[in-house]
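Number of protein chains: 2
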Amino acid sequence: LCSSPSNRSRPLSRVAVSGGTHGNEMSGIYLAKHWLRNPMELRRGSFAVTPFLGNPRAIEKCVRYVGRDLNRTFTTEFLSSAEAEDKPYEVVRAREINQTYGPKGSAQAFDFMFDLHNTTANMGACLIVDSEESLLPMHMCHYIQTHYTRSPCPIYLYKLLGEETYSINSVAKAGLALELGPQPQQVVRADLFTQMRDLMACALDFIELFNKGTVFPAFEIEAYKITGRMDYPRYPDGEISAMVHPKLQVGVDWK
Amino acid sequence: LCSSPSNRSRPLSRVAVSGGTHGNEMSGIYLAKHWLRNPMELRRGSFAVTPFLGNPRAIEKCVRYVGRDLNRTFTTEFLSSAEAEDKPYEVVRAREINQTYGPKGSAQAFDFMFDLHNTTANMGACLIVDSEESLLPMHMCHYIQTHYTRSPCPIYLYKLLGEETYSINSVAKAGLALELGPQPQQVVRADLFTQMRDLMACALDFIELFNKGTVFPAFEIEAYKITGRMDYPRYPDGEISAMVHPKLQVGVDWK
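Chains A and V are the protein sequences, given in the same order.
The first sequence maps to residues 1 to 255 in the numbering used here.
The second sequence maps to residues 256 to 510 in the numbering used here.
Hints are computed from structural coordinates only; laboratory data are not their basis.
One or more hints might be untrue.
[What the hints assert, rightly or not] Derived DEER-like restraints, expressed as beta-carbon distance ranges:
{"no.": "1", "chain 1": "A", "residue 1": "S106", "chain 2": "V", "residue 2": "G483", "range": "54 to 64 Å"}
{"no.": "2", "chain 1": "A", "residue 1": "M230", "chain 2": "V", "residue 2": "E340", "range": "38 to 48 Å"}
{"no.": "3", "chain 1": "A", "residue 1": "D205", "chain 2": "V", "residue 2": "A456", "range": "47 to 57 Å"}
{"no.": "4", "chain 1": "A", "residue 1": "N122", "chain 2": "V", "residue 2": "P407", "range": "14 to 24 Å"}
{"no.": "5", "chain 1": "V", "residue 1": "E332", "chain 2": "A", "residue 2": "Y156", "range": "47 to 57 Å"}
Because the structure is a prediction, the values reported are computed rather than measured.
The C-beta atom is built at its ideal place from N, Cα and C for all residues, glycine as well.
Model the full structure from these sequences, guided by the hints.
This is the structure in structure tokens:
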């Protein structure tokens with residue numbers, strides 16, 4: 001990455017963090033609830049962070065969503081179509097979030113939004129950014145990779161060419177999603193809870209340095225993009241006939 | 256355990272195995288589907304096993320159940336009350352299973368039923384029997400513990416004093432449930448699939464030996480029973496305020 005946030009950039013003053021954008025991914029839900037009780041943990045000298053629960057109804061039922069996936073609902077189509085009556089709950093909720101932390105694409109939008117996720121896949125502490133053109137999040141990723149060394153932190157750039165952003169943190173001016181695994185849905189693992197809390201502390205330290213005028217030099221970094229999708233092998237009747245090899249699925253030797 | 260199945264006991268001729276009694280516990284679902292395609296794997300010299308899918312509708316949706324927990328539905332109340340109309344799907348399904356492999360408590364019932372489960376908890380390959388008075392299953396557990404050494408196989412005796420049996424394998428004359436973890440719901444782990452398959456092979460070898468008149472000597476064995484339930488610590492508003500310690504939750508050091 002050949003650019004760095006200039007110290008002439010404006011400091012970030014309004015930062016939010018969503019836990020429970022998916023209501024059965026427990027690290028972020030436990031963290032957001034913890035921070036709502038103990039907001040000082042998210043305070044730094046130059047700014048403070050507003051924690052919130054992304055999808056309260058899904059959290060209550062401990063399911064990913066109740067009507068449709070909230071984290072695919074922050075597009076013009078859903079945020080700006082006619083009345084929300086008869087719409088899934090998540091469309092109504094997306095508009096509330098857009099009103100509070102956006103509106104998306106406007107000057108009033110929050111400066112930054114974090115979004116906290118889990119996966120059952122064994123992918124370490126994955127950092128998800130829309131694209132490499134998002135300079136501030138990319139510098140944050142680089143800072144995290146340099147300073148947080150207790151697990152690998154691969155970077156995943158999710159936005160396909162020409163695609164509109166649709167995720168919850170796209171309502172803010174910039175954003176980063178954390179995707180920690182492996183953890184079963186509906187289960188909270190203390191080790192991943194601690195890992196996510198430490199990663200967030202590291203990311204907030206970066207913002208604090210940025211706000212204080214620190215110049216972050218250029219760097220090269222490795223990141224992953226989707227290049228294609230591969231289905232499972234199947235029987236002629238369509239049933240899946242294979243499974244992921246144990247050496248790929250679990251990071252530890254299970255014997 | 257001071258008794259042993261006598262070689263004057265009648266051999267077991269009709270044995271069944273249910274996968275997907277809970278529709279999101281994947282090891283048994285994959286195994287039952289595999290055996291339905293390859294029934295020879297379940298064949299022994301003196302008997303054969305009938306595999307079946309416990310809760311097909313829940314399996315299709317990949318959820319634990321659609322109306323009520325099938326594995327709590329094999330009681331007199333649910334099996335014998337009036338017409339099944341307006342009843343949850345699982346009540347109808349329990350009656351089908353009772354007709355096919357029971358009726359529960361009758362001389363026509365199958366000799367043995369296995370039931371395959373997963374858990375997100377780190378409890379190894381748990382062997383679940385109703386009570387220590389079930390001599391044949393207890394001897395099977397002892398045989399498995401002696402011959403299957405790739406993971407701990409603790410025994411859990413689930414039936415409380417005076418309680419009616421309610422599980423799917425209670426429709427057969429005897430039964431054993433396997434509960435393998437940790438595995439996320441809706442996820443299939445190849446290592447646990449292999450473990451369950453090997454445990455089943457071991458259990459069938461025991462039945463084959465029993466059928467051939469092998470005498471199994473008396474033994475002492477360790478087994479677990481519920482002695483009480485402990486809630487999580489909670490905040491005054493009822494919200495859970497703690498989580499399981501990482502050294503207890505995951506069998507491996509996660510660093």
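Note whether the CB distance of N122 of chain A and P407 of chain V lies within 14 to 24 Å or breaks it. holds (23 Å)
Is the hinted range of 47 to 57 Å satisfied by the C-beta distance from E332 of chain V to Y156 of chain A? holds (51 Å)
Hint says 47 to 57 Å; check whether the CB-CB distance for D205 of chain A and A456 of chain V agrees. Since the Cβ atoms of D205 of chain A and A456 of chain V sit about 54 Å apart, the hinted range of 47 to 57 Å holds.
54 to 64 Å as the expected CB spacing between G483 of chain V and S106 of chain A, which holds or is violated: holds (56 Å)
Pairwise beta carbon distance, M230 of chain A to E340 of chain V, judged against the given window 38 to 48 Å: This hint holds: roughly 46 Å between Cβ atoms.
The earlier numbered hints are all upheld by this structure, with none contradicted.
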